[in-house]
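These protein sequence lines map, in sequence, to chains A and B. 98 is the number that the numbering used here gives to position 98 of the first sequence; each next residue is one higher, with no gaps. 142 is the number that the numbering used here gives to position 142 of the second sequence; each next residue is one higher, with no gaps.
Simulated from the structure, these hints should not be mistaken for laboratory data. Do not take every clue at face value.
What the hints assert, rightly or not - Under the rule of at most 25 Å between Cα atoms (straight-line distance), these lysine to any residue pairs were calculated in the SDA-like manner:
{"#": "1", "chain 1": "B", "residue 1": "K195", "chain 2": "B", "residue 2": "L239"}
{"#": "2", "chain 1": "A", "residue 1": "K10", "chain 2": "B", "residue 2": "Q198"}
{"#": "3", "chain 1": "A", "residue 1": "K117", "chain 2": "B", "residue 2": "E43"}
{"#": "4", "chain 1": "B", "residue 1": "K137", "chain 2": "A", "residue 2": "L108"}
{"#": "5", "chain 1": "A", "residue 1": "K52", "chain 2": "A", "residue 2": "W66"}
{"#": "6", "chain 1": "A", "residue 1": "K117", "chain 2": "B", "residue 2": "R45"}
{"#": "7", "chain 1": "B", "residue 1": "K170", "chain 2": "A", "residue 2": "P23"}
{"#": "8", "chain 1": "A", "residue 1": "K117", "chain 2": "A", "residue 2": "Q160"}
{"#": "9", "chain 1": "B", "residue 1": "K137", "chain 2": "B", "residue 2": "D31"}
{"#": "10", "chain 1": "A", "residue 1": "K52", "chain 2": "B", "residue 2": "Q202"}
{"#": "11", "chain 1": "A", "residue 1": "K117", "chain 2": "B", "residue 2": "R48"}
{"#": "12", "chain 1": "B", "residue 1": "K137", "chain 2": "A", "residue 2": "E167"}
{"#": "13", "chain 1": "B", "residue 1": "K137", "chain 2": "B", "residue 2": "D240"}
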Amino acid sequence: MKDQIGGNQKRARFQALCQSLRPDLLRFAFWLSRDRALAEDVVQETMLRAWKAQDSLQDEAAAKPWFLTIIRREYARCFERKRFVTVDVDELVAREEPMLAAAEEQNLAEMRAALFKLPDEYREPLVLQVLMGFSTAEIARELDLSCGAVLTRLFRARKQLRVLCGEDTSMDPQE
Amino acid sequence: MMDCAQYRRSMLADPHDPDPHLREHRESCHDCTLYSERLLRFESRLERALRVDPVSETPSSSDNVVPLRGRSRTALRSPAYRKRMFAMAASVLMALVVAGGLWLSAPGTSLAADVVTHMREEPQAWRRTDLPVPDPKLENVLRDSHLRLGAGGGAGMVSYANSCGFRGHKVPHLVLQTEAGPVTVMVLVHERSPKPVQFDEQGYRGVIVPVPGHGSLAVLTRGSSTDIETIEHLAHRVLDSIVWTG
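Start from the sequences, fold in the hints, and give me the full structure.
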């Protein structure tokens, strides 16, 4: 009986954890896939897998990287299962119009459009750093890269983003 | 000695990098100080742009942890998918019954739990940095709550300041770089707390202290390396530094 109560409490705690992380996971999946419907599918599958594997999460503090790893795998699986049509970035921006229109400022919409145009290998570490608060070492672990490679990608990501956003880059360093 | 190109390359890779060599260079180079300020403004815009609002960001009471909306039609037709969803729905239903029972026996969502949930939403605020928030930004954030920080800066340098939505009100959310590491402060002028509350949940440890006539103040740290007495001490230092203007 005591074990059952303990198990129930653990499940309830896990559910609360999922709820608290879900917005960030959706954001991460969105920036990974650049597609809201696909992001929701990926997060849904992630939650399903996480639910089944919840016993393997020993430390709640490690929940976020644990979920992100599942999301990245699930997103990769989408590519294994399905052949995606390529879309023009301008079309993509237009498709996300409702969300962009909701942005409080026009320059945020411009920044988001620029983020869409970044290559995946630059956008992903940038999202992990800025949105998820990961350190360079944590990003390196998550993406299976060296810290040096992560820093290079972050440098290139911001450099390209600044150009795309029409920032004054005259003081930016060369590679 | 670091040169300007090295400094700017490092800043572009991580604008909040607390490396003392970067600080040393910045303090000795006017151009790089300007560059950093511009880059941080850009970074702030980037942070806001990334925080898109997913449609179902705030699940309604009828939602559960596994979102049931947004499935593609082809996937919904798959028998394997339906079978999995049925199995999962049974598990989720059971969990909801349990969670419902726990919820009914609990006094309701506590202020501390809401503060912790909010912290999880803004992980970028916790970065260790030696860059202070520009004074005009800090003043803007504090002005709406009718307060300012007195001379001396209270418990530490303010490295993050944002006006955040919390329980239907805009409240100042600050991060102070203290000797105990980054400490978050939320000034909750609309939330009265009859007595001091200590909490330690979901990886956050902190206190909520009543502020007579001005609601309450939440002060918390991430992780368990800072003891609760130190956090209480920091909370009182912050309180002492607040000047109420209304």
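Proposed proximity, A/Q160 with A/K117 (alpha carbon, max 25 Å) = holds (9 Å)
Straight-line Cα separation of A/K117 and B/R48 no greater than 25 Å?
-> holds (18 Å)
Is the straight-line distance between the alpha-carbon of B/K137 and that of A/E167 25 Å or less?
-> Holds: B/K137 and A/E167 sit about 21 Å apart, inside 25 Å.
Restraint check for A/K10 with B/Q198, where alpha carbons must lie at most 25 Å apart = The given pair, whose Cα atoms are some 22 Å apart, holds under the 25 Å limit.
Would the pair B/K137 and B/D31 pass a check requiring their Cα atoms to be no farther apart than 25 Å?
-> holds (22 Å)
Is the Cα-Cα distance between B/K195 and B/L239 25 Å or less?
-> Measuring from Cα to Cα gives roughly 15 Å; hence the hint holds.
Given the hint that B/K170 pairs with A/P23, test it: the Cα-Cα distance must not exceed 25 Å.
-> Holds: B/K170 and A/P23 sit about 20 Å apart, inside 25 Å.
Taking only the CA atoms, is the gap from B/K137 to A/L108 under or equal to 25 Å?
-> holds (18 Å)
Proposed proximity, B/E43 with A/K117 (alpha carbon, max 25 Å) = holds (18 Å)
Please work out if B/K137 and B/D240 have their alpha carbons no farther apart than 25 Å.
-> holds (21 Å)
25 Å Cα cutoff - pair A/K117, B/R45 | With a Cα-Cα distance of about 17 Å, the restraint between A/K117 and B/R45 holds, given a limit of 25 Å.
Is it true that the CA of A/K52 sits at most 25 Å from the CA of B/Q202?
-> Given pair A/K52, B/Q202 holds - Cα atoms ~21 Å apart, limit 25 Å.
The structure agrees with every numbered hint stated previously.
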